[in-house]
Amino acid sequence: MASSNAFELDRDTAFCGHAFGLDVEADFEIACIRQTEGDGSEPTRLTRVHSRVIDRTWPSREAELIFERRLEDDQRFLTIDHHPELGYCIWARGFGRHVVANDGLSVMSAIPSVAAWRWQRLVFAQVLPLAAALRGLDPFHASAVASNGCAVGFVASSGTGKTTLAAHLVARGDAQFMADDVMVLEQRNEQIVAHPGAMMMSVDPVELRKLTPVARRRLGRAIGRDEENVHVTPEAVKEALPLGAVYFLGRGPAVNRLEIREDAAEDPRLLISSSFIAYLRDHHLVTHLDTCARVGTSARLFNVLVPPTVDATALAASIAAHIAGL
Amino acid sequence: MSGEQPTREAILKSGVKVPQHVVYRAFANEMVVLNLLTGKYHGLNPTGGRMLEVLDASAKVRDAGEILAAEYDRPAGEIEGDLYDFCLELMEYGLIEMNGLGEL
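If you're matching them up, the sequences are chains A and B in order.
The first sequence begins at 1 in our numbering and counts up one residue at a time.
The second sequence begins at 1 in our numbering and counts up one residue at a time.
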């Protein structure tokens with residue numbers, strides 16, 4: 001079968017793993033992804049190339065900028081460009097550049113000479129979630145843990161505490177780690193399942209210092225640190241799990257006491273606006289709508305109103321008790 | 001067809017077509033309609049959602065009116081008026097097209 005990938009290169013496979021609902025193969029090592037032999041489905045293949053290869057082959061002038069993030073000094077930090085035939089070019093300053101084919105089956109990866117945990121952050125934060133979406137899965141902007149055989153998702157805007165909550169639940173021993181920041185959902189028959197992501201969490205060091213040594217060990221070893229977070233490698237669940245519940249976290253000074261209300265299903269916008277890949281259109285939007293509609297009827301959905309007086313430790317205790325009662 | 005607003009009778013005699021670029025799904029208390037051409041989502045309350053479902057499944061708007069009048073136990077004339085307004089609004093947002101509008 002003729003390949004739609006214009007960048008086929010030597011395909012020696014050094015790594016096979018599974019994350020974000022994808023079998024992943026690469027000609028370079030990718031730590032923090034569970035190594036597997038694959039389940040027989042066609043893998044997404046990552047091929048390492050020199051950045052000059054992408055410079056030569058990516059038609060920058062013909063591509064459309066579809067997403068960007070800028071730093072406070074207005075410097076570009078992350079860009080995603082799209083070419084109708086060649087796919088998506090993802091670049092982040094200091095983290096590398098990747099070209100993802102339109103079908104999500106192949107990726108060219110130009111990896112900078114930095115610590116592995118650093119360049120892998122772009123792979124886990126953008127490259128593989130995009131590949132998953134292009135292959136028909138639905139990435140949500142959420143963290144997730146596993147409890148009693150079900151996945152539990154936490155949705156909140158950036159900086160609100162979904163990672164910290166998940167970290168505390170794992171550290172307490174109340175749950176197993178599933179995903180940080182990207183929860184990939186898939187409709188299987190009449191059920192929605194959540195797939196484990198990469199085995200990496202970016203945790204506030206202040207929160208880590210609150211943990212006992214036993215609790216700290218449950219989050220795995222630290223593999224890197226930047227200005228904001230410590231990056232740890234908790235052991236994750238091995239398989240996709242049915243999505244049992246989603247908690248939508250909201251903080252604000254107007255909230256007087258912690259409330260957990262099972263009324264989130266009343267507002268479909270909470271789910272619909274939780275898509276991780278905001279720049280895809282057409283059939284991805286349909287997949288996302290389908291997934292949200294199914295989640296709305298198959299999982300329990302809660303609004304969590306968190307006052308400023310409730311810290312992450314206390315929130316985790318309350319959520320753990322709530323999950324136990326489901 | 002001129003740019004004038006279609007009459008109530010013209011709408012009732014026509015059929016509704018939900019174009020391929022419009023997708024709708026039911027949620028707990030709302031029907032969400034997605035227009036893929038604009039990327040915009042629209043919300044319909046449960047009654048509006050049911051009206052869209054019945055319109056989509058009926059050959060003519062008038063047929064949909066009969067079904068909904070029986071379901072909601074309301075006079076047919078009242079339901080037809082609601083459907084007329086509803087169709088005009090959905091057309092304005094590009095969420096439906098009318099089949100046979102203006103034909104004799």
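Hints are computed from structural coordinates only; laboratory data are not their basis.
Hints may contain errors.
To give a feel for the contact side, a few chain B residues facing chain A, derived at Cβ under 7 Å [unchecked claim]:
hint, residue
1, V23
2, R25
3, N29
As the structure is a prediction and not an experimental result, all values here were calculated from the model.
Quick reminder that beta carbons are idealized off the backbone N, C-alpha and C, glycines included.
Hint-by-hint comparison with the structure:
1. V23: 5 Å, holds
2. R25: Status holds, d = 4 Å.
3. N29: The hint holds - B/N29 has a Cβ within 7 Å of chain A, the shortest such distance being about 5 Å.
Comparing the model with each earlier hint shows no violations; every hint is respected.
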